[in-house]
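Quick note, the sequences are listed as chains L and H, same order. Numbering that gives the first Met the number 0 puts the first residue of the first sequence at 0, with every later residue one more than the last. Numbering that gives the first Met the number 0 puts the first residue of the second sequence at 0, with every later residue one more than the last.
Quick caveat, the hints were computed from the structure, so don't treat them as lab data. Where hints are given, some of them may not hold.
[Claimed, not checked] Chain H side only, calculated, beta carbon under 10 Å to chain L, not exhaustive: (1) Asp81; (2) Gly133; (3) Pro138; (4) Ala145; (5) Tyr152.
[Said to hold, decoys possible] Simulated DEER-style distance windows between Cβ atoms: (6) L:Gly44 <-> H:Gly101: 37 to 45 Å; (7) L:Glu82 <-> H:Arg224: 44 to 52 Å; (8) H:Ala37 <-> L:Asp104: 39 to 47 Å; (9) H:Gly311 <-> L:Asp35: 39 to 47 Å.
All residues carry an ideal CB built from backbone N, CA and C; glycine is no exception.
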Amino acid sequence: MATDVTERPAPDVDEENAGYWDSLRRHELALQRCADCGRFWSPAGSFCRWCLSDRWSWERVSGRGTLYAFTVVHQVYHPAFREAAPYPAAVVELEEGPRLLATVDCAPRELRVGMALEVGYRDLPEGFTLLAFRPVTGGTR
Amino acid sequence: MNPRGRYAVVGVGNTAYGKLAGRSAMSLSVEAVRNALADAGLRPADVDAVLTKAPTSNFTMLWSAQVAQAVGIVPQVTATLDQAGASNIGLVGYAMWCIETGQCHTAVIVYGDNPATGSRATYARPRGEGAAYGMFGVPPWYALIAQRHMHEYGTTSEQLGAVAVACRKHAAMNPGAQFQSPITLEDHHASRFVAEPLRLLDCCPISDGAAAIVVTSAERASGMRKPPVYVLGIGQGHPAWDVPYRSTLTTSGAATSGPMAFRMAGITPADVDVAQLYDCFTIVPIVTLEDYGFCAKGEGGAFVEQGRIALGGALPLNTSGGLLGETGMPGMQLIVEGVRQMRGECGGRQVPDARICVVSGQGGVMTTHATLVLGKEVP
Ligand SMILES: [Zn+2]
Numbered sequence: 000m001a002t003d004v005t006e007r008p009a010p011d012v013d014e015e016n017a018g019y020w021d022s023l024r025r026h027e028l029a030l031q032r033c034a035d036c037g038r039f040w041s042p043a044g045s046f047c048r049w050c051l052s053d054r055w056s057w058e059r060v061s062g063r064g065t066l067y068a069f070t071v072v073h074q075v076y077h078p079a080f081r082e083a084a085p086y087p088a089a090v091v092e093l094e095e096g097p098r099l100l101a102t103v104d105c106a107p108r109e110l111r112v113g114m115a116l117e118v119g120y121r122d123l124p125e126g127f128t129l130l131a132f133r134p135v136t137g138g139t140r
Numbered sequence: 000m001n002p003r004g005r006y007a008v009v010g011v012g013n014t015a016y017g018k019l020a021g022r023s024a025m026s027l028s029v030e031a032v033r034n035a036l037a038d039a040g041l042r043p044a045d046v047d048a049v050l051t052k053a054p055t056s057n058f059t060m061l062w063s064a065q066v067a068q069a070v071g072i073v074p075q076v077t078a079t080l081d082q083a084g085a086s087n088i089g090l091v092g093y094a095m096w097c098i099e100t101g102q103c104h105t106a107v108i109v110y111g112d113n114p115a116t117g118s119r120a121t122y123a124r125p126r127g128e129g130a131a132y133g134m135f136g137v138p139p140w141y142a143l144i145a146q147r148h149m150h151e152y153g154t155t156s157e158q159l160g161a162v163a164v165a166c167r168k169h170a171a172m173n174p175g176a177q178f179q180s181p182i183t184l185e186d187h188h189a190s191r192f193v194a195e196p197l198r199l200l201d202c203c204p205i206s207d208g209a210a211a212i213v214v215t216s217a218e219r220a221s222g223m224r225k226p227p228v229y230v231l232g233i234g235q236g237h238p239a240w241d242v243p244y245r246s247t248l249t250t251s252g253a254a255t256s257g258p259m260a261f262r263m264a265g266i267t268p269a270d271v272d273v274a275q276l277y278d279c280f281t282i283v284p285i286v287t288l289e290d291y292g293f294c295a296k297g298e299g300g301a302f303v304e305q306g307r308i309a310l311g312g313a314l315p316l317n318t319s320g321g322l323l324g325e326t327g328m329p330g331m332q333l334i335v336e337g338v339r340q341m342r343g344e345c346g347g348r349q350v351p352d353a354r355i356c357v358v359s360g361q362g363g364v365m366t367t368h369a370t371l372v373l374g375k376e377v378p
């Protein structure tokens, strides 16, 4: 049986972060929010990052944010990215506070730290969904 | 009690660096230990602790115990520390504590790996969130840091290039360095992007090789084959959280580690004659110089220009070539060079009258940081 080496590597989905990856699949970005201190956190974990409470729920976030940092990857590290390179990868800061690893759906030369973004999704044939934020036209927050 | 000057490095040794096909991590480690013991004038039986950082490319349980066996030492203490590129300095601290508390008297600390030609088991099957977004290995993560530093402080690619030019200049003066040819700023600018804003010449190579040091008490050190090089200060600071979740990308653990070590040593940056700062990427020494207080935050880019960090400049940096020029090994070579500079053994690349050297180690993606202040004497 031949292995398809062009398959994009999959995220490690486990009991702690399954709620996050499921929310991406539904195109309804959700993070854990603490019932005691009210704060969101990422990456997923069984206890609040800020007060260690175990009272929390998955809550949908606004999907609005800004570009905190980015790179444009030229090196082909994996055959699945040969066609895409050079491709952007980014850290996006959500209005609610947490930062997330994501990609941005625009030409690499248009990327600017601080640019306003709104959430988008990329459903991959490998069976999972990634965050692909979109620039908000004319916006800088 | 201030440990300043109570411990010393009495032996250093290393192998060749580069592509060493057919050499295992163990074989390289044993050669480095043999060379460090010969340098110290010691036999294996004189050493009672074997401390290691596990090979990055093939993480192995109880690695330090296996190294002890291979060098024929039945030790009192073995330990492997997982602070990635900060581990070697972290292990100096562990050696100091074991000696202070009477658990051992003389420790050999060794790192060896063969990622260039041997197993790359750690990287064999990429997966996880980073890989899903195309963030493989280390360079794209440091690219986020470099880009953010450029955004916040106006740091330029030419300033990153100045670090690479200085390191390669020094490597060309070191017959043991992997890279023997100097480069220019134009070479740096012409090199391809790996992950913007980092170019190929902003990145250290992946190298085979090993290096080792021998640490003992100042009392035992006096009268050994080589003059002791004293540990004046040591510190660490570990931001720990993954890059996306950290409060800042432009300040490293050096901001706490450096002042801790400098305070212990009773010095300020102005007292430092030569620096060996971890340089897996050109942005790293720039951030470290700022966080150590050699310049204000954000002025690291300007600091490294105008030849200031080259031999003959105000603060010669990475005089053996560092990770960028001597070998991509994660940090032990920097301690070895620091010791040789304090002994005055560096020939054409010797910093005249060097008495104090600061060495840094950094692991992960600015995840860990450690600082070592070495002295020719105890001031
Ligand atoms: Zn909470």
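Verification of the hints:
{"no.": "1", "hint": "Asp81", "verdict": "violated (20 Å)"}
{"no.": "2", "hint": "Gly133", "verdict": "holds (5 Å)"}
{"no.": "3", "hint": "Pro138", "verdict": "holds (7 Å)"}
{"no.": "4", "hint": "Ala145", "verdict": "holds (8 Å)"}
{"no.": "5", "hint": "Tyr152", "verdict": "violated (12 Å)"}
{"no.": "6", "hint": "L:Gly44 <-> H:Gly101: 37 to 45 Å", "verdict": "holds (41 Å)"}
{"no.": "7", "hint": "L:Glu82 <-> H:Arg224: 44 to 52 Å", "verdict": "violated (59 Å)"}
{"no.": "8", "hint": "H:Ala37 <-> L:Asp104: 39 to 47 Å", "verdict": "violated (60 Å)"}
{"no.": "9", "hint": "H:Gly311 <-> L:Asp35: 39 to 47 Å", "verdict": "violated (60 Å)"}
In this structure, the earlier hints numbered 1, 5, 7, 8 and 9 are contradicted, and the remaining ones agree with it.
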